[in-house]
Amino acid sequence: MLPGDEKVVERCLQGDDAAWEMVVNQYAKRIYNLSYRYTCRRDDAEDLTQEIFIRVYQNLKSFRTESGSFQSWIMRVGRNLIIDHFRRTRRFQQVAGTEEMETMNLKDDTLPSPHRSVEQSEASRFLSDGLQALPPELKEAIILRDLEGMAYMEIAELLAIPEGTVKSRINRARLELARLLSKRRLQLGMQA
Amino acid sequence: MECAHIEERLSGYVERSLPHQEMVEVAEHLQECPGCLNLMEEIRSILVTCQAFPSLEVDTALIDRILIRTSGKPRTRTLRERIRTYFLQPILTPRFAAGAGLVLLFVALAIDLMAPRIGGIAAVLSPGEMLRQMDRGVQKIYSEGLKLNDTKNDWQARFTFYKNDVFRRLGFMIEQLDVPVETQKKPAGPKQPEKGPKQKSSVSLFPA
Numbered sequence: 001m002l003p004g005d006e007k008v009v010e011r012c013l014q015g016d017d018a019a020w021e022m023v024v025n026q027y028a029k030r031i032y033n034l035s036y037r038y039t040c041r042r043d044d045a046e047d048l049t050q051e052i053f054i055r056v057y058q059n060l061k062s063f064r065t066e067s068g069s070f071q072s073w074i075m076r077v078g079r080n081l082i083i084d085h086f087r088r089t090r091r092f093q094q095v096a097g098t099e100e101m102e103t104m105n106l107k108d109d110t111l112p113s114p115h116r117s118v119e120q121s122e123a124s125r126f127l128s129d130g131l132q133a134l135p136p137e138l139k140e141a142i143i144l145r146d147l148e149g150m151a152y153m154e155i156a157e158l159l160a161i162p163e164g165t166v167k168s169r170i171n172r173a174r175l176e177l178a179r180l181l182s183k184r185r186l187q188l189g190m191q192a
Numbered sequence: 193m194e195c196a197h198i199e200e201r202l203s204g205y206v207e208r209s210l211p212h213q214e215m216v217e218v219a220e221h222l223q224e225c226p227g228c229l230n231l232m233e234e235i236r237s238i239l240v241t242c243q244a245f246p247s248l249e250v251d252t253a254l255i256d257r258i259l260i261r262t263s264g265k266p267r268t269r270t271l272r273e274r275i276r277t278y279f280l281q282p283i284l285t286p287r288f289a290a291g292a293g294l295v296l297l298f299v300a301l302a303i304d305l306m307a308p309r310i311g312g313i314a315a316v317l318s319p320g321e322m323l324r325q326m327d328r329g330v331q332k333i334y335s336e337g338l339k340l341n342d343t344k345n346d347w348q349a350r351f352t353f354y355k356n357d358v359f360r361r362l363g364f365m366i367e368q369l370d371v372p373v374e375t376q377k378k379p380a381g382p383k384q385p386e387k388g389p390k391q392k393s394s395v396s397l398f399p400a
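Quick note, the sequences are listed as chains A and B, same order.
Mapping the first sequence onto the numbering used here, position 14 (from 1) lands on 14, and the numbers just tick up by one.
In the numbering used here, each residue carries its 1-based index in the second sequence increased by 192.
Among the clues, some could well be false.
In silico DSS-like cross-links for lysine-lysine, where the CA-CA straight-line distance does not exceed 27 angstroms [stated by the list, open to error]: (1) A:183 to A:167; (2) A:61 to B:332; (3) A:7 to B:265; (4) B:344 to B:355; (5) B:355 to B:339; (6) A:29 to A:167; (7) B:332 to B:344; (8) A:29 to B:332; (9) A:29 to A:61.
No wet-lab data here; the hints were simulated from the structure.
Just so you know, these numbers come straight off a predicted model, no measurement behind them.
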């Protein structure tokens, strides 16, 4: 839990709007990016982010510090809603790295040079295509670990599975993806 | 060591989270097995690509929507946003741009017209010259003040002279006047002859 998160939640429960705004500002980017990684559509990601925060706001009372960090709790709520959305629509796109990358809001300090940008865009697209072919649980492992940069323990907490299982699942996902991409490279005559 | 055994440890090897002994074993195997080496290189490439994935910035309008739909209050705007919303946005309009363009044109024309005199103007506007001008101005004001003071003293002296002259003349004129003093009339009886000369009385209004 981030320092002060518990107090911020308490303040939110007491009706402090400033505290709630702080929570939204702190986690919006992470939730939005997570939604985007799964849906790969900005409009869907925005709708999901909105839904997730509404759900969080309505269920703040059910948050218990004993059951884990506030961040994990928010991420769990977010993930559950994203999965629901997937079940409803059955349209999880390829993971971020598509045509939309060219028009999305990037942080200024992450903007690469045009040449490098094209290279990265190509690599991202290639990877996204590979991820699309993975089973959902392996794809999720890659998203949470390699794209979202979450720690093994956080993922274990989020998915409610042992840390060892998380590690093996991530390893399996990487191996699957590596084999897949290697095969595609051979087909396309590309170099790694 | 078998390839399957190595594959289980490839993620750990790439992340350098394996114990030292296992790291050595995996490294040795990779030197001998091109298949596992390719797999390891591919995983490394995946991780590099994943790290290069850009992070999306959240639109402030989305934050506003979330806050309005939850707490019912819009987002607190920073000073920068307030300046942009209430000052820059109204200014940065086509109308303002046209106005600014016209002003620039006017200034350019004015400078062009004043170009021949620009040297003289610049000399006048130099700090030394400006100080001299200020000094001259102060001296002029001071001398005007002195002149005014002299005029005032002159008028004051004249007024005092005429006033004293008038009072002196009045005093003299009053002295020349005879003012009779009224005595009590006797009711009856023969008229007594006057014993002496008639009394004269005069009142001096002003001291001699």
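Evaluated hints:
no.	hint	result
1	A:183 to A:167	holds (24 angstroms)
2	A:61 to B:332	violated (82 angstroms)
3	A:7 to B:265	holds (21 angstroms)
4	B:344 to B:355	holds (16 angstroms)
5	B:355 to B:339	holds (24 angstroms)
6	A:29 to A:167	holds (26 angstroms)
7	B:332 to B:344	holds (18 angstroms)
8	A:29 to B:332	violated (71 angstroms)
9	A:29 to A:61	holds (23 angstroms)
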